[in-house]
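Chains A and B, in that order, give the protein sequences.
Under this note's numbering, the first residue of the first sequence is numbered 1, with each subsequent residue one higher.
Under this note's numbering, the first residue of the second sequence is numbered 1001, with each subsequent residue one higher.
Hints in this document: simulated from the structure, not taken from any laboratory.
Note that beta-carbon positions come from the ideal geometry of N, C-alpha and C, so glycine has one too.
Please note that a few of the clues may not be correct.
A short list of chain B residues far from chain A (calculated; beta carbon distances all over 12 Å) [to be verified]:
1) Leu-1029
2) Leu-1054
3) Asp-1057
4) Glu-1072
5) Gly-1117
6) Ser-1121
Chain A residues, not near chain B, derived (Cβ > 10 Å throughout) [said to hold, decoys possible]:
7) Gly-26
8) Val-43
9) Asn-65
10) Val-152
11) Leu-337
12) Ala-364
Stretch-level coverage of chain A by chain B, calculated; a stretch enters the list once three of its residues show a Cβ under 8 Å from a Cβ in chain B [as the list claims (entries may be wrong)]:
13) 50 to 57
14) 371 to 383
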Amino acid sequence: MAAMTDTKHATGVLASERPPEAAGHGWDPAAIRAQFPILSREVNGHPLVYLDNAASSQQPLRVLNRVERYLREEHANVHRGVHRLSAEATEAYEGARRSVAAHAGTRDPAEIVFTRGATEAVNLVASSWGDASIGTGDEIVLTKMEHHSNLVPWQLLAGRTGCKLRFVDVTPEGTLDLDDYDRLLGRRSRLVACTHVSNSLGTVNPVREIVDRAHAAGALTLIDGAQAAPHMLTDVAKIGCDFYAFSSHKMCGPTGVGALWARRELLEEMPPYQGGGEMISEVKLEGSSWAKIPHKFEAGTPNISGVVGFGEAARFLADLGSEAIASHEGALKRAVLGRLREIQGLHLYGPREERGRTAVFSFAYGDVHPHDLSTILDQRGIAIRAGHHCNQPLMDHYGISSTARASFYFYNSPGEIDVLCDGLAMAAEVFGGVA
Amino acid sequence: MIEPRSTTPGPIDREIPSSLNQLYQEVILDHYRKPRNKGQLDEATHAITMNNPLCGDVIELMLRVKGGSIAEARFLGRGCSISQASASMLTGRVLGKSLEQALELSGKFTHLLHGDGALLSDDDLGDLRTLAGVSKFPVRIKCALLAWNCLEELGDGTGADGGSG
Chain A
1 MAAMTDTKHA TGVLASERPP EAAGHGWDPA AIRAQFPILS REVNGHPLVY
51 LDNAASSQQP LRVLNRVERY LREEHANVHR GVHRLSAEAT EAYEGARRSV
101 AAHAGTRDPA EIVFTRGATE AVNLVASSWG DASIGTGDEI VLTKMEHHSN
151 LVPWQLLAGR TGCKLRFVDV TPEGTLDLDD YDRLLGRRSR LVACTHVSNS
201 LGTVNPVREI VDRAHAAGAL TLIDGAQAAP HMLTDVAKIG CDFYAFSSHK
251 MCGPTGVGAL WARRELLEEM PPYQGGGEMI SEVKLEGSSW AKIPHKFEAG
301 TPNISGVVGF GEAARFLADL GSEAIASHEG ALKRAVLGRL REIQGLHLYG
351 PREERGRTAV FSFAYGDVHP HDLSTILDQR GIAIRAGHHC NQPLMDHYGI
401 SSTARASFYF YNSPGEIDVL CDGLAMAAEV FGGVA
Chain B
1001 MIEPRSTTPG PIDREIPSSL NQLYQEVILD HYRKPRNKGQ LDEATHAITM
1051 NNPLCGDVIE LMLRVKGGSI AEARFLGRGC SISQASASML TGRVLGKSLE
1101 QALELSGKFT HLLHGDGALL SDDDLGDLRT LAGVSKFPVR IKCALLAWNC
1151 LEELGDGTGA DGGSG
C-alpha cells in the first residue's frame, strides 16, 4: 500500500489561481488518458469526448485493478474476524481511510466517516448533529446555489425541528452575495452550509471567508466539497470549517461511497446516525456502548470494495499531484473560455473570467434547447449534461429551466475542445442557425 | 443558412448524420419556433399539467370539448424542440375528434415513435409523421410523448375539471 508522501496541501483555493510554476512537470497527457480505458471507446462512430465529469468522473486502471484485487484476494468482513482475510480486508479498508484523510488534509483518520456519498454525508450531519442541536427558532444559512443534496436534508430537518432556512443570494455573475450573507447571519444562526464549488456554474466560493464570518456569528459550518475535492487537495484546517462532505465517484473512484470529515470533538459528541432515535435514550440509561469514532457512524457492513477503490483514487490523485492537476485544468479552462466567448449566440452562466471558477461550463446556445444540443453532440461522441443539474432553485434564479453543461477533468485534452466547438457549429447548422 | 465560423477547426468531419436531419426536420423546428395554439384557453373543459421531472419539460394541455368533439385545443409549456413541436402538432390534429378518437390517434403516434413504419402512410397522423425520426433516439421518446401523456390523462377522465362537455 503506497504511503502518502508528505504532500503540501492546497488551501482550498484552486491551485490554478497561483502562478503555474509547476506546470506540466512530468505531465504526459497521452499516458494519463491511457490509464482510463473507457476514454478509448467510441460513441456513435466517434471517439468518446467525455465532458460530464461534474456528474461523475471515470476510473483509472489503478482503481479498477485495486478493487478487483480486493474482491479476488482480500475480501472478508471488516472489523470482525481474527482470521487472515478479515485482517487483510480491515487493513485495506482502514488504509483507504488514511489515504482519504490525507486528501482532505487531516492527520487524524478517525475524523473521516465513510458514507454512501457526499449526499449521505450531509444527511448524516443533518440527522445526527441537526436533530441533537437544532430547535425551533434556530436558523440555518444556505445559499441559492446549493445542489439539492445540500438543500433537501436541511428542508427535512426544518420540517422535523421547526428551524428556519435562510438563503444567501447569488449575483448575476454567479458568485455569492457576501453582503447579503452578512445580513442573514445573526444570533439565531446555528449552521452555515455552503458548497465549495458550484456544480452548475463552476464558481469557487471563498470558503475561508464564509467560515470565518459564520464562526464570528457563533455558527458552525458545513462545506459541500463534492465538486472541489476532485480538483484540489483540500485542507480542512486551512478552510477552518467544521464539516466537509465529498464523494468518491467524482474523483476517479467508484460510485456508492463518499466521506464526511468532521472535527473530532464534534463527531465524539454527535449521536449515532443509524440505529434509530428510540435507541438513544436506552443507550444513555445503560451508559454509552457505542464504538469509538468513526465507527460509531458506520453501522452495518460498509461498502468495503468501494472504500478500497476510493482510497486508491485518493492515492492516484496524490501521485499525479494537485499542482499538476490544477495546472492542466487551468490551461483547459483558459482555452475553453476563450473559445466559448467567440461563439455567436452562446451565453455562458457563472463567472466570465477564469479566476474563481473551475472548468465547469453551463451555457445556453441560442434557442437550441439543452436536450436537443446534448442529442446532437452525442452523435459526435460528445457527452455533456443537459438539465437542471440538481440545482432547480438556481435555475429559477436565472429564470431558466435547464442549461447545457460541459465539465472538464484533468484527462480531457485541448483537442476535445475543438471537437466540442465543432459539435456546437453542427448544432447551429441542424437548427438552421442559432437565434 | 449559417455564417462560416472562424472558431471552428477544419479537419473534423462536418457531415450532419442523417439521423439528426431526420430528427430535426424543418417542419418540427417551425413548430418549435412558431408554436400553434400556444396560450391560455379560458373556456377549457379539460386541462392538465404534466412535467418530466428528469429534464424539467412542462406541458399544460387545455381542451374545450363541445357536443362530443374537441372544438379547441391549446397548450402552454417549456422544453425541448421535440416536446414543444409535438404539443403544437397535437393541438392541430385533435380538432374535431371525440376524446376517444383523439386517444386512438395518441395510440398510433406512440406506435410510430416506437418504430412502426407502416404508420408513415397513415394520413390521420398528418405532420406528426415528421416526428418518426425520434424512434432512432429512444431517450427522446418521452419528450415527444409528454403532451400526449396529458391527452391520455384527460381521456381517462382524471384531468377533467369541467365534465365532458
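These are the hints, each one checked on the structure:
The beta carbon of Leu-1029 (chain B) sits about 6 Å from the closest Cβ of chain A, which is not more than 12 Å, so the claim that it is off the interface is violated. A Cβ of chain A approaches the Cβ of Leu-1054 (chain B) within 12 Å, the least distance being about 7 Å, so the stated non-interface status is violated. Non-interface status of Asp-1057 (chain B) relative to chain A is broken: a Cβ of that chain comes within 12 Å, the nearest being about 8 Å off. Its beta-carbon lying about 27 Å from the closest one in chain A, Glu-1072 (chain B) satisfies the requirement of being farther than 12 Å from that chain.
The Cβ of Gly-1117 (chain B) sits about 21 Å from the closest Cβ of chain A, beyond the 12 Å cut-off, so the non-interface label holds. Listed as outside the interface, Ser-1121 (chain B) is consistent with that label: its C-beta sits roughly 27 Å from the nearest C-beta of chain A, beyond the 12 Å cut-off. For Gly-26 (chain A), the condition that its CB be more than 10 Å from all CB atoms of chain B holds, with the nearest at approximately 28 Å. No Cβ of chain B approaches the Cβ of Val-43 (chain A) within 10 Å, the least distance being about 12 Å, so the stated non-interface status holds.
With 10 Å as the threshold on Cβ separation, the claim that Asn-65 (chain A) sits away from chain B holds: the shortest Cβ distance comes to roughly 32 Å. At roughly 14 Å from the closest C-beta of chain B, the C-beta of Val-152 (chain A) stays outside 10 Å, upholding its exclusion from the interface. Under the 10 Å C-beta cut-off, the non-interface status given to Leu-337 (chain A) relative to chain B holds; the minimum distance is some 13 Å. A cut-off of 10 Å between C-beta atoms confirms that Ala-364 (chain A) is not in contact with chain B; the least separation is 13 Å.
With a cut-off of 8 Å between beta carbons, the stretch 50 to 57 of chain A has 0 residues touching chain B; three or more are needed, and the interface restraint is violated. With a cut-off of 8 Å between beta carbons, the stretch 371 to 383 of chain A has 5 residues touching chain B; three or more are needed, and the interface restraint holds.
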